[in-house]
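Visitor: Sequence:
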Amino acid sequence: MKKFSAVLVVILGLSVFAGCGSEADQGGRVQEPIEEAAETVSEAVEDDGEEMVETADSIQATLTYFGSLKANDSDDKFAVFRSADGDLIYFFMLNGYLDYGIPTGDTAPATTADGQEYTTVTLGDTYGYSFTNPDATEGFIVDKDGNVLPATELGEEGARELVDMTF
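Here the sequence shown stands for residues 449 to 615, where the numbers follow the numbering used here.
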């Protein structure tokens, strides 16, 4: 990204330079450096994109998938992974907002108004989740307002898409 910014400054400088002098002075002498700079920007953007993909792939490789849920009636999602260091990393995508990370406090058991047990997780806000069957294919997500969202398995691919959103 730094490379891209530096090249962009060069292009802008050349564009300003191109505006100076007579039309006879500008001609091909300015056009060529601008085209070269544009090509350099294009290469820098391509390099940055490749670096981001490599970074994402290397981080994904360090995460062990533990489970995930997708709300039945909305696009809300939950996923949990274990890092190479053994930390659990939680991802909650609720109302279009992604909150993720290692909990700021201990996870704790809680109970819904109708008596269902779940685990609370405090990141930026406090959320909750529960897998209600041994296969972890059904459960519910609890949003920061305490609303219980019935859910089914999101799957590892969908969960890893949440990780990709953090880059």
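Warning: the hint list may mix true and false statements.
Ranges between beta-carbon positions, derived for each pair [claimed, not checked]:
no., residue 1, residue 2, range
1, T585, T559, 20 to 30 Å
2, A558, T600, 52 to 62 Å
3, P582, A558, 19 to 29 Å
4, I507, G594, 24 to 34 Å
5, A584, A558, 15 to 25 Å
6, G572, S522, 15 to 25 Å
Calculated from the structure, these hints are not laboratory results.
Virtual Cβ for every residue (Gly too), placed ideally from N, Cα, C.
Visitor: For this structure, which hints from the list above don't hold up?
Guide: The structure breaks only hint 2.
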